[in-house]
Amino acid sequence: MSATTNLYAAQKNDILEITSVPKIDLLENIGLRSGTRLFIQNRYACGGPLLLRVEEAYNVALGKDIAIQIGVEHAGVS
Amino acid sequence: MNCHNVPLDAPILKKQNKILLMGNPNVGKSVFFTELTGIHAMSSNYTGTTVNFMEGRITIEEKEYTLIDVPGTYSLSPSSEAEAVATRFMESGAKAIICVLDASNLERNLRLALELQQFSIPILYTLNLTDVAQRHGISLNTAVLAKELGGPVISTIAVKKQGIKQLEKELALLLKDSDETNIQKSCDTCPFHNPNKSDSAKDLWARAKEINQRVSKKETSNPSFIDKLGDAMLKPFPGIPIALLVMFVTIALVIFGGRGLRAAALLPLVNGLIVPFFRNVFTAILPEGIFLNILIGEFGIFVISFEWILALIFPYVLLFYVAFTFLEDTGFLPRISVLFDNVMRKLGIQGGSLIYMIMGYGCAVPAIIGSRAATSRKERIVISAAICFAIPCISQTGAIISLLSAYAWWMIPAMLLFSLLLFILVTLVAGKVVKGNVEPLLLEVPNLLMPNPKAYGRKLLTRMKHFLREAEIPMMLAILIAALLAESGLLDAIAIYAQPIVSNWLGLPDQAVIALILGIVRREMSVAPLLALDLTALQAFVGGVVSLMYIPCISVFAILTKEFKIRVALLISVGTIFLAIFVGGFINQIAHLFL
Chain A
1 MSATTNLYAA QKNDILEITS VPKIDLLENI GLRSGTRLFI QNRYACGGPL
51 LLRVEEAYNV ALGKDIAIQI GVEHAGVS
Chain B
1 MNCHNVPLDA PILKKQNKIL LMGNPNVGKS VFFTELTGIH AMSSNYTGTT
51 VNFMEGRITI EEKEYTLIDV PGTYSLSPSS EAEAVATRFM ESGAKAIICV
101 LDASNLERNL RLALELQQFS IPILYTLNLT DVAQRHGISL NTAVLAKELG
151 GPVISTIAVK KQGIKQLEKE LALLLKDSDE TNIQKSCDTC PFHNPNKSDS
201 AKDLWARAKE INQRVSKKET SNPSFIDKLG DAMLKPFPGI PIALLVMFVT
251 IALVIFGGRG LRAAALLPLV NGLIVPFFRN VFTAILPEGI FLNILIGEFG
301 IFVISFEWIL ALIFPYVLLF YVAFTFLEDT GFLPRISVLF DNVMRKLGIQ
351 GGSLIYMIMG YGCAVPAIIG SRAATSRKER IVISAAICFA IPCISQTGAI
401 ISLLSAYAWW MIPAMLLFSL LLFILVTLVA GKVVKGNVEP LLLEVPNLLM
451 PNPKAYGRKL LTRMKHFLRE AEIPMMLAIL IAALLAESGL LDAIAIYAQP
501 IVSNWLGLPD QAVIALILGI VRREMSVAPL LALDLTALQA FVGGVVSLMY
551 IPCISVFAIL TKEFKIRVAL LISVGTIFLA IFVGGFINQI AHLFL
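Here the protein sequences come in this chain order: A and B. The working numbering applies: residue 1 is where the first sequence begins, and numbers increase by one. The working numbering applies: residue 1 is where the second sequence begins, and numbers increase by one.
To be clear, the hints were calculated from the coordinates, so they are not data collected in a lab.
Calculated pairs, EDC-like style, for lysine to aspartate or glutamate (alpha carbon to alpha carbon, straight line, at most 16 Å):
id : chain 1 : residue 1 : chain 2 : residue 2
1  : B       : K217      : A       : E56
2  : B       : K378      : B       : E439
3  : B       : K209      : A       : E56
4  : B       : K63       : B       : D177
5  : B       : K346      : A       : D65
6  : B       : K63       : B       : E168
7  : B       : K160      : B       : E35
8  : B       : K63       : B       : D179
9  : B       : K218      : B       : D131
10 : A       : K23       : B       : E439
11 : A       : K12       : A       : E73
12 : A       : K12       : B       : D231
13 : B       : K209      : A       : E55
14 : A       : K23       : A       : D65
15 : B       : K202      : A       : D25
16 : B       : K169      : B       : E62
17 : B       : K218      : A       : E55
18 : B       : K176      : B       : E61
19 : B       : K218      : A       : E56
20 : B       : K378      : B       : E81
21 : B       : K217      : A       : E55
Just some of the chain A residues that point at chain B, by a computed CB distance under 7 Å:
id : residue
22 : L26
23 : I30
24 : G31
25 : Y44
26 : C46
27 : G47
28 : L51
29 : Y58
30 : A61
31 : D65
32 : I66
The beta-carbon is built from N, C-alpha and C at its ideal position, and this holds for glycine as well.
Model the full structure from these sequences, guided by the hints.
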């Protein structure tokens, strides 16, 4: 496993594992918690959100302001 | 949260024979509700369609139960007003729960199922969307899942009615067992009250993962055309061009299709058949006078109600809902929320708000109620303000199109542009004025789906029935007011008092005051009376602008009061009146400098 970075700074299509999340109920409830695996499917210009593929099961759009608070580490390439 | 702060005064919470339909958002609960009760609950392909509960009666083994369609929730730690409703229902207890699980995304759904188990209420599990799971190469072992969950599991495709009969059968067995074992429900069984009974969120996730690994097998599958299209629509290119094209085609369908339908079918029907029929009947049986005029005069109830409701508004409403219902069921709306989130953030709100704003083009009432799924009060107020100030409902849009299309083709795009500018301005100002935060986008994006034709037809029919039922009484009331004002001569007296605003400032004929009076009852009524007046192009445009921004109708005022208290409703209503008259007059005065 490589060093931790924030989710917004991670590369598109890299498989990532969440290492830390801010205390937001909906994040945990929707399945974005420590240990969740995901990859960035799309990135939108001008500070737009990230589109994440979570656990190869579902898509979540996540605003930049939250994405920069989520710690991830590299876990492979999709 | 604990058992004691549950508002148990609500009669529905006190009912002992409740069966709760629970599950994550957008897993098909409302489809089950419709199938089991026969009451049509609106369902769509995005999260947050059901923001309040619906109840219906079902009879099982000669016993009557109340089935509740509970708003979708990811967990019982609510993160929106809509999710809090779900928690309140769980706290109030129930005879049984039908827990709907999304077969294409089992792990997260199982986490909620495990959380529900802590309440010691009998649960029947339905594994829904199995067709989508199959398309994604996921196969599930329902027998093993039933063993793991300790309760019956039924495989279903609710929109195709597959598995519904078996569900009814299993539910009857579950309720019978429940009655025989007579499970004692009290605060002691509630995990909010008894922390020892509650597993931590971490444990629940771990257990959900473990079960999912045991029951599901995923094979590599080639994505279908619809999956590829769904993914393409989420990429900035071609997603944004596709989204703009879809919106352009929808607007064209409503404007040109509505005009065509009106001219080819509805106007001849109303003017050639319906109105002459009533005119002949009433002139044959009633003497000339005020009463006859109220029925079939210039503003006669049996003239205007058909001309306005059927010929003027109905074609646009129908075509709007034909397009909107389709887009809603495919999963198009969350896609544009993601694509345009960056633009919406610049305006001070998030992309998810777009869903409610687009709903507002149909009717403001469900749009404002739907915004309960938004995560902050500020966001809800900004959404509601933008809808009231800048987004005309479809009935009003139909009336504005009818008014402007009689003059020049460019007036309709000019009005659309004006509406867009107004929307930007109102959102920016409301975003600055209203205190609080707007949360960043956090939205589950559903799979793109092709709507089931039967479910689509049923939903469209329900919407049109609802429109006719909801519109009929207020419109008839407005028409009666118009007829009485016109026939009693009161309209002329009011017109004299309103002359400084209506004629001098707005540049409209004196009689246009009737539009301002009736517009309070229904939004389209702020335009419809203008059609009968001989207006210039400038007057028609000013009339359209005033109508667009004018006071929300009585129903919208009531819902604003209910959702945000009367202060917000009054502020928005008074604000719309002042701004409508100010901007309408400003355009008139500026235009006169050049014309």
